[in-house]
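Student: Residue numbers (the UniProt record's numbering), protein chains in the order written: chain A, 1 to 93; chain B, 1 to 93; chain C, 1 to 93; chain D, 1 to 93.
If a hint is listed, it holds; no wrong ones were tucked in.
If several chains are the same, the list does not tell them apart, and a pair holds so long as it fits within one copy or across any two.
In silico lysine-lysine, DSS-like type, Cα no more than 30 Å apart, as pairs:
#: 1; residue 1: 33; residue 2: 8
#: 2; residue 1: 47; residue 2: 8
#: 3; residue 1: 13; residue 2: 27
Quick caveat, the hints were computed from the structure, so don't treat them as lab data.
Number of protein chains: 4
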Amino acid sequence: MHGYTQDKDAYLKRLRRVEGQVRGIAKMIDDDKYCIDVLTQVSAATKALEAVALGLLDEHLRHCVVQAAAEGGQISDQKLTEASAAIARLVKS
Amino acid sequence: MHGYTQDKDAYLKRLRRVEGQVRGIAKMIDDDKYCIDVLTQVSAATKALEAVALGLLDEHLRHCVVQAAAEGGQISDQKLTEASAAIARLVKS
Amino acid sequence: MHGYTQDKDAYLKRLRRVEGQVRGIAKMIDDDKYCIDVLTQVSAATKALEAVALGLLDEHLRHCVVQAAAEGGQISDQKLTEASAAIARLVKS
Amino acid sequence: MHGYTQDKDAYLKRLRRVEGQVRGIAKMIDDDKYCIDVLTQVSAATKALEAVALGLLDEHLRHCVVQAAAEGGQISDQKLTEASAAIARLVKS
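Chain A on its own, in the form it takes in the complex (with noise of 0.2 Å):
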């Protein structure tokens, strides 16, 4: 069991969506798109995987990390600076 454990068909569908949009890229390109118009769509695409990793992040801390934290000491610490880790390389990509 997982935060996302009871969302897990909406994570699924938002992921083939955007799975979706990565192919359209492709596609775009393939048929030789105007560049603008391609950024456009890889732009979307970033921000719907964002999305999916703001969701799944807010659920670890509501389900893991609370439960972690009940239990306390070390466990709990080091959940925080898994966290606190996965933040850092959400903010930075």
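Got chain A; can you put chains B, C and D on it based on the hints?
Tutor: Chains B, C and D only, in chain A's frame:
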């Protein structure tokens, strides 16, 4: 002919790889993988998309914008407004 | 008492440095320095602010959120909604 | 003469405002304000710096890059490599 035309195959290959990454993320969720590991892959896919965008933008500036600049006048102005808007979308996405 | 209280002096020092960076950028513009060099300094100041934000967030999760999680219930929920919103603002800024 | 020269006063004013924002963030920390409220101000200052960067970049493209493009050859190439590197730094910061 667009800025990216001569590198078309390389872009298509990179986008197929991103498509595979997104499909892999969906599979991780379907297989109940650990949230933080899923997030790491989402950050990697986001970075890969951003790299594609920076490449497309560089070639757009080098070809379309430079050509428009040579023609001058209103077209050049429009192309620069358009390029700046695309850069702003990228920075914000 | 907040998450950052014990590192207060370090944060104040880092923010004074960012303040100096921003003042330095203004001076570069006043001295007509080359645009790209100004932009490099703006990126550096932005990165420094982001690092401050990631530090504050990490301590917030470690203290306020963990404490709220221990108390549980509605307070815990509110704190997590608030933390996720702050993370989303950071990712988008 | 740079791209930003004619808007110099406006940029100096915006940067003084960012400087004030950063000083305000330090004061909030010194006054033990709530972490999330501090983070909101850090995001606002980051966004303000990003807006300055996008403005400077737009003017740089419009003036320096267009002029280099008119001259053509190696100088034009160098300016575009430089501009693309600055855009990449912005996107990653």
